[in-house]
Amino acid sequence: MAGITSFGAYVPIYRLNREEIGKMWGGRNMGGAKAVAGYDEDTITMAVAAALDCVIRGGGADGLFLATTTAPYREKLSAAIVASGADLQEECRVADFTDSLRAGTAALKAALDAVVAGSAKKVMVVAADTRQGAVKGALEQTLGDGAVALNVGSEKVIAEVEGSYSIFNDFTDIWRTDEDKFPRSAEGRFIDEVGYFPTMQSAVNGLLKKYKLNLGDFASIVYYASDARQHAALARRLKLEKSQVQDPLYNDIGNTGSAAALLMLAAALEKASPGDRILFVGYGDGADAFVLRATDEIKKFKKRPVISSQLAGKMAISYGQYLTWRGLVPLEASTLPERSALSLQSRWRERKAIFALYGAKCKKCGAPQFSQIGQAARVCVNCQAKDEFEPYKFSDKKATLFSYAIDQLQPSLNPPGVNGVVDFEGGGRIICELTDCDIDKVRVGMPVEMTFRKMFFSRGVHNYFWKARPVSD
Amino acid sequence: MESFKDKVAIVGMGCTKFGERWDKGVEDLIVEAAYEAFEDAGIGPKDIQAAWIGTVFSGISAITLSPLQLQYIPMTRVENMCATGSEAMRAASYAVAAGVVDVALAVGVEKLKDSGTTGLKGPSIVGDNQEGNSGIGPGYSAPASFAYLATRYFHDYNIKPEEGKRLLAQIAVKNHHNGSLNPKAHFQNELTIEQVVNAPIIAWPLGLYDCCGVSDGAAVAVITRADMAKKFRPDPIYIKALQITVGARQGAMRQDYDFVHIEENVIGSRQAYAAAGVKDPRTEISIAEVHDCFSIHEMIVYEDLGFSKRGRARDDIEAGTFTLKGSLPVNTDGGLKCFGHPLGASGLRMMYEVYKQLQGKAGPRQVKNPRLGLTHNLGGNAGTGVCSCNIVGNEK
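Chains Z and E, in that order, are what the protein sequence lines are. Using my numbering, you'd call the opening residue of the first sequence number 5 and step up by one each time. Using my numbering, you'd call the opening residue of the second sequence number 144 and step up by one each time.
Read the hints as simulated data drawn from the structure, not as lab findings. Just so you know, these numbers come straight off a predicted model, no measurement behind them. We put the CB at the ideal spot given by N, CA and C, even for glycine. The reader is advised that the hints may include incorrect statements.
From the derived model, a few chain E residues whose C-beta atoms are all more than 10 Å from chain Z [unchecked claim]: (1) E175; (2) K189; (3) Y215; (4) I279; (5) S288; (6) Y300; (7) G307; (8) S323; (9) I387; (10) D423; (11) R425; (12) N537; (13) E538.
Okay, the calculated bits of chain E under chain Z, using three or more residues with CB under 8 Å as the criterion [what the hints assert, rightly or not]: (14) 251 to 263; (15) 340 to 354.
Isolated chain Z, as found in the complex:
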């Protein structure tokens, strides 16, 4: 039976404590914190991080569906960028599922159908969002950033999908027009009583009836809600046992939009034992409900606690940093020199280096090398052999910081800029930016790993590349 074969997650390390927001505006705060994508992160970079986490633990896929409501491009396939970053094989169907908070479960259902129909062996469903609430509003406090990835396949399944049930309901509760930066929201009581509660109850009841199950048959119940209050209220309506209800992570991360329900599902899978049934519901203009059941394979699955470990290394940011990073305030124009122009042609030639950090390894002398000028080395930096190379991937190699420079002049939304000379285990060196650093802890010899980030925006193009960051554990 088809089901989930692997999962991965990514939560940015930055937290905006809701108390900060309360202090800024003098209002009530909801407590806890929201995860905030770093100044150099967006939906794509978080999706790549989650996808790579999923690949490390469960291998690649021949399909990738990206679910998001915050794609960086209105017209250009984000899933293709994520598949490139995750270094999936070229023969791979990719698609964006978008414009709905239910995009995540819609992508999951589509992935299951593809696997069951045999049109794909394994499809990775990646969901990521970086929605922003308008300043001073409730959504500013509730919305957080995060990403999750699940491999759907029919071999080595860790959680089978035993069934699903979907309904639609055209209901205007939270929405954005194509010109809105922030979601709009209908009146809360109306949303709850006419939209959210009846829709969720109808989906859950329909699913239970279809598969002749009771709520008591589930070890874990995982479902989307706008915020912690709504989540708790539905638990009461459905009369769920406290032990059944998966923590929505809203206190630590916030509502991550199309990724929220799937991220909770990943957290539930972290804890699941063979035989456990999970009831899983995504919401948005209707609902998708699923019955999952953990298999014996889940015992063999490398359950490095994805989400709990990512909650550990967090760094608190100020409200000012948040406004700056998210482009919510106009900033003084820089008098520093601008970067040289981006060339689409050059980026295309160097695509393997840019998206998966491929360098080359000399077949004559064995030296791995990354040139940073041109995609492929032609003459070896070590032995000067010409065209004797094989591709060599650096993005997954452990590395050490050989030297560093903390730069007060570097144009950055999070100054000062931190840069390093990075030496890879097994050979090869790159000089690159560092990110997610506590600058007081940066030191020679520090272990680092590579992470896919947004470098800058130029001529309408989001320019991604790899940076090094301190190894979190």
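Chain Z is fixed; fit chain E onto it per the hints.
Coordinates of chain E only, in the frame set by chain Z:
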């Protein structure tokens, strides 16, 4: 391969006042420096048979020289990053040595202050195409690219950051003292160690006074055959070696590069010494103008060029070896620290000081009985660079 030593000589030089020359354009700077050089050589523009101009940002092609109104002679623009000025002189000198022309002009100019930005514009990766590249280079400033050296130097030689900063500060203090004696310098103020170590940090451990200024300037040399030199003046300066040595990003790509030295400097200076017949630079070189874009680089250059033993530059700094009164004065005119670094001009500005010193015309900065002088530039940074190392003397 024939020896190039003593085949050509410098018979005239000019150098503008360096600084924020808001009221002067590239054309003014070129004319100002060139006419000083013509006068110094006792010639007029009509005597120039070929010319080279070095500039990185301030002009494309030799048409940049049009303000001089040289009439239909061969002219070329050259560019080799921070070694651009020295490159112009190398081209002019080689043309004379080849016997193709007898009198050639080398011009270096840069008008940095017209960019409207603070600091140098540069490619994100040294050597990458500036007109359009893949944008994968780190977006750091020039000071950061040299801070790597300081971080690693302090680490490898176990120097505490506060000690290291005081050590580097002595270099800035020395150069500012020299600059205070030079009316052509951009900065002519003395500094104290305390001022240097307490200045705002730019790229740790480099503070404001560890970094050279951003200035406008131009410098010009008139080059002729050595055997004709004395027809122009009694005290020509003979060229012993003009070395350019270029890396291939080895430092940025190979783990065996240590970031406490720059290989281009080491090899470039050894090649220049060999060409000039210098066996022991520490005793044979009378005066050196080196690339002090950042204080840490001047310190590393002491070791790279063989003035100090590896890892022991500190002893010489503390002994005052490189001050005006020391045994090997370095950056007697104030260096890049006080002249800023208008890229195309710097190499020729350095040569202007060495030329004047070797002629005994350096005024209050004059060192005693100099015989051999050296100029040195490093374009790029610790990852890869273009090193220029030139040796001249007042005797054949």
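Now for the hints, and whether the structure bears them out:
1. E175: 26 Å, holds
2. K189: 40 Å, holds
3. Y215: Label holds. Min Cβ-Cβ 35 Å, cutoff 10 Å.
4. I279: Per Cβ check, E:I279 is inside 10 Å of chain Z; nearest 4 Å; violated.
5. S288: 7 Å, violated
6. Y300: Non-interface label on E:Y300 holds, nearest chain Z Cβ at 12 Å vs cutoff 10 Å.
7. G307: 13 Å, holds
8. S323: At about 27 Å from chain Z, E:S323 clears the 10 Å cut-off, so the statement holds.
9. I387: 20 Å, holds
10. D423: 32 Å, holds
11. R425: Fine: 28 Å to the nearest Cβ keeps E:R425 off the interface.
12. N537: 41 Å, holds
13. E538: 41 Å, holds
14. 251 to 263: Coverage by chain Z holds here, the residue count being 6 at a Cβ distance below 8 Å.
15. 340 to 354: With 5 residues closer than 8 Å to chain Z, the stretch 340 to 354 of chain E meets the three-residue bar; holds.
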